[in-house]
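Colleague: Kindly produce the complete structure, drawing on both the sequences and the hints.
So you can see what is in the structure, the chains are spelled out below.
Number of protein chains: 2
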Amino acid sequence: MAAEELLAELRDLIRNREDRGIRGLASRLDPAEWADLVPRLDDGDVDALLDLLPADEIPELLEEVDPADAAVILSRLSPAFAADLLEAMDPDDATDVIEHLPRDQADRLLTEMEPDEAAEIEELRAFPPDTAGGRMTPAYVAVSPEILADEAIVALRQVAAEAETIYYVYVIDEDEHLLGVLSLHNLVLTGPNTPVSEVMVRDPIRVHAETDQETAARLLTDHNLLALPVVDDQDHLLGIITEDDIAEILEEEATEDIERLGGSQPLDIPYRLASVPLLVRRRVGWLLFLFVAGLLTSQVLRIFEDRLQQTPALNLFLPLIIGIGGNVGSQTVTTLVRAIGVGEVQLRDVGWVLAKEIAVGLVMGLILGLAGFARVGYSDGLAIGLIVGVTIAGVTVWSAMVAAILPLILRRINVDPAVVSAPFISTLVDATGLLIYMLVAGLVLSRVL
Amino acid sequence: MAAEELLAELRDLIRNREDRGIRGLASRLDPAEWADLVPRLDDGDVDALLDLLPADEIPELLEEVDPADAAVILSRLSPAFAADLLEAMDPDDATDVIEHLPRDQADRLLTEMEPDEAAEIEELRAFPPDTAGGRMTPAYVAVSPEILADEAIVALRQVAAEAETIYYVYVIDEDEHLLGVLSLHNLVLTGPNTPVSEVMVRDPIRVHAETDQETAARLLTDHNLLALPVVDDQDHLLGIITEDDIAEILEEEATEDIERLGGSQPLDIPYRLASVPLLVRRRVGWLLFLFVAGLLTSQVLRIFEDRLQQTPALNLFLPLIIGIGGNVGSQTVTTLVRAIGVGEVQLRDVGWVLAKEIAVGLVMGLILGLAGFARVGYSDGLAIGLIVGVTIAGVTVWSAMVAAILPLILRRINVDPAVVSAPFISTLVDATGLLIYMLVAGLVLSRVL
Chain A
-4 MAAEELLAEL RDLIRNREDR GIRGLASRLD PAEWADLVPR LDDGDVDALL
46 DLLPADEIPE LLEEVDPADA AVILSRLSPA FAADLLEAMD PDDATDVIEH
96 LPRDQADRLL TEMEPDEAAE IEELRAFPPD TAGGRMTPAY VAVSPEILAD
146 EAIVALRQVA AEAETIYYVY VIDEDEHLLG VLSLHNLVLT GPNTPVSEVM
196 VRDPIRVHAE TDQETAARLL TDHNLLALPV VDDQDHLLGI ITEDDIAEIL
246 EEEATEDIER LGGSQPLDIP YRLASVPLLV RRRVGWLLFL FVAGLLTSQV
296 LRIFEDRLQQ TPALNLFLPL IIGIGGNVGS QTVTTLVRAI GVGEVQLRDV
346 GWVLAKEIAV GLVMGLILGL AGFARVGYSD GLAIGLIVGV TIAGVTVWSA
396 MVAAILPLIL RRINVDPAVV SAPFISTLVD ATGLLIYMLV AGLVLSRVL
Chain B
-4 MAAEELLAEL RDLIRNREDR GIRGLASRLD PAEWADLVPR LDDGDVDALL
46 DLLPADEIPE LLEEVDPADA AVILSRLSPA FAADLLEAMD PDDATDVIEH
96 LPRDQADRLL TEMEPDEAAE IEELRAFPPD TAGGRMTPAY VAVSPEILAD
146 EAIVALRQVA AEAETIYYVY VIDEDEHLLG VLSLHNLVLT GPNTPVSEVM
196 VRDPIRVHAE TDQETAARLL TDHNLLALPV VDDQDHLLGI ITEDDIAEIL
246 EEEATEDIER LGGSQPLDIP YRLASVPLLV RRRVGWLLFL FVAGLLTSQV
296 LRIFEDRLQQ TPALNLFLPL IIGIGGNVGS QTVTTLVRAI GVGEVQLRDV
346 GWVLAKEIAV GLVMGLILGL AGFARVGYSD GLAIGLIVGV TIAGVTVWSA
396 MVAAILPLIL RRINVDPAVV SAPFISTLVD ATGLLIYMLV AGLVLSRVL
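Going down the list, the sequences are from chains A and B. Be aware that the first sequence starts at -4, since it is given in this note's numbering, and climbs by one per residue. Be aware that the second sequence starts at -4, since it is given in this note's numbering, and climbs by one per residue.
Hints in this document: simulated from the structure, not taken from any laboratory. Every residue gets a Cβ at the ideal spot worked out from N, C-alpha and C, and that includes glycine. Every clue listed holds true.
Derived contacts from chain A toward chain B, CB cut-off under 7 angstroms, selection only:
#1 Ile241
#2 Phe286
#3 Gln304
#4 Leu313
#5 Pro314
#6 Thr330
#7 Leu363
Sample of chain A residues at the chain B side, in silico, Cβ under 7 angstroms:
#8 Asp25
#9 Arg152
#10 Leu184
#11 Thr250
#12 Ile253
#13 Val271
#14 Leu282
#15 Gly289
#16 Phe312
#17 Leu315
#18 Ala354
#19 Ile362
#20 Thr422
Covered stretches of chain B, as calculated for chain A (at least 3 residues, CB under 8 angstroms):
#21 20 to 29
#22 175 to 183
#23 277 to 289
#24 295 to 307
#25 353 to 366
Modeller: Dropping the structure here:
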């Protein structure tokens, strides 16, 4: 609601061309809140707003706006103006925006830009966006090993405005090989005339440009660093990943896992920006696969058609039984896939994981089986109650087992365990659950009838 | 596998009491990797290891180990030694460990500790662990507004070893009210004789101690800060949350969301440490609820018992149809719950969300419905094929709609949308999906037969 009011207020300010009011509003908000508001304006209002804002505030705004939104905004501006804005943005953010533009527009803007700024972006564009290289910024501070601590501080002061972090200074040789790192902390606490080579940390932790962004994020986090240097095969310093990227990386990766667990391919862009055809493409593949797998259930039922016709009451509990199998499988698989994802469970843990999940399945199977026996025995007679109760218990244990093993097997054959989604495990245990149902029914009925 | 080998190597080093070898191994590893290895040792080996490590390295190790594991290790040591270790740890980490001990043991250790260190922990323990207060550390650097920039740097140097971050210095009045903040960056770039009150940022962004940890994490991230001050009702500075907590907070919250989406209550502790009774307790409640809701499906089938007995082929596709409903619902709900969770979709977006999901549902319903019609029409005749195809299309659209609206409704009534798990939405659309199936069957059969 507050956001609705803010949006209305901003719209009024723009239409009355009150530039001071607009800047007052912007300064009252978080950068993120402000950046969130702008893409919600109509195109005309956005253009008017850019006209009213001081030129040096627009690049900052575009850095905070979602890159896909920023690309839409830039594509409506004159190429010369858009190129100026891109030059003023942090190179890693500018690259993200460029990557969201159609190729011809992107190339057009790059030719409009200053050659060296365009070259920086071209270099960053060479790496896939979900790698360390795709995430890094070339805006780091580097010095050669001979200079003194207070000269390094002077160097820092000069570039402070353009660097992404001034908390670390990297030490490189004349060929740009990474030699060491100095923290601002160290520089301040050290004697002014000490050569940096004496106080630097040698061979600092680094990642290769092609390392997965999630690995880089965890490395940075595990070592409590504020930035991580990114190097190429020859150990040349290419850029840095800073701690302000970490939250975004971890959220992106968690979103991907969640979408996979829900049974779709990751969208890779915000839901708000996902078109209907994109959503369909990301979802329909798995649905068709699961549809084909689901046809197995009708094959199982066809085999036991006579038994179901002799005892039609069994039909009534088909959905209930496969539902329970799916629910237990979904609980187990999501917990495990997450535990694997954060590195808590590994392949060698398969033994105790399986033992634990079988134990949990047995206890829950007992509880649910008794509930099923009592409820169905009351309404449909003891024989049917017994069949349903025993089946529920069996399906619960079976489902927990399958859901415990499958993600670890996939991990073993190098498939992302998150493809074992809740729908996948449900479908998988549907057919086998029905088989258990029919076998239990056969056993019980042959003794009772 | 590498971890297995490292573990074996460490075990050998401990048993041969090679303390230098152990320290060599520790220095070769990430702090996180090293901390991961230790809890995997047998109890006896852990005790021997603590004996071999230099006393000042143990607190650092315990800070990195999972607090639940650290609590187990401490509980086996003499209270006096355990208290010494806790005193040497960062107060926020020590509090986490204390919170994982049984109450009587925790109290025993606190009485063994130096009174002022124990008091710090008591204060931190007063806040729930998932709030800003529960996450903060009191190890910040604060100065009064009159002192000069270079005096502030001297103050920093003195406490550098104990402070969690030296990148920010907080300015407080004599009653500890928060007045402003200085970054090390500012201090270094400013003239040495400037009073800090002239260069500090006034009224910095802060959070109340009872603010949810996720809100605090997002605030810190959105503003690209390295630390966030935590205050009480009277605006007294109580502590700070530093950027190295952010990754952990965001991962914890994502894990919670994922576990909820899978249909269990969040574990709140690592899976590895979750006992069988705990896992059962977290899962069985939802299973029983879903079992009761699932009984609705048998009620629906009971109503249409005659129709199913007249056309037994309809029974064959019960699992297939409810499976598709569940799969579509699961895809939609996970994507949306995540979008709501990261703040991308809000209540006011219900209109376009619903429109988008209905459009997606229609397209996917058409594709899946045609596939169902073709496959079942081929095997079981056109009439059954038509019924199954139309039902699949209808269930797909219906399921997408319910999954799109429900999380937003829950948000409206202040229930966490993540309780709409994949199992929940599946169970919900099971009974209604069967109703659609039976109604379509009635319509088609009345014309065909």
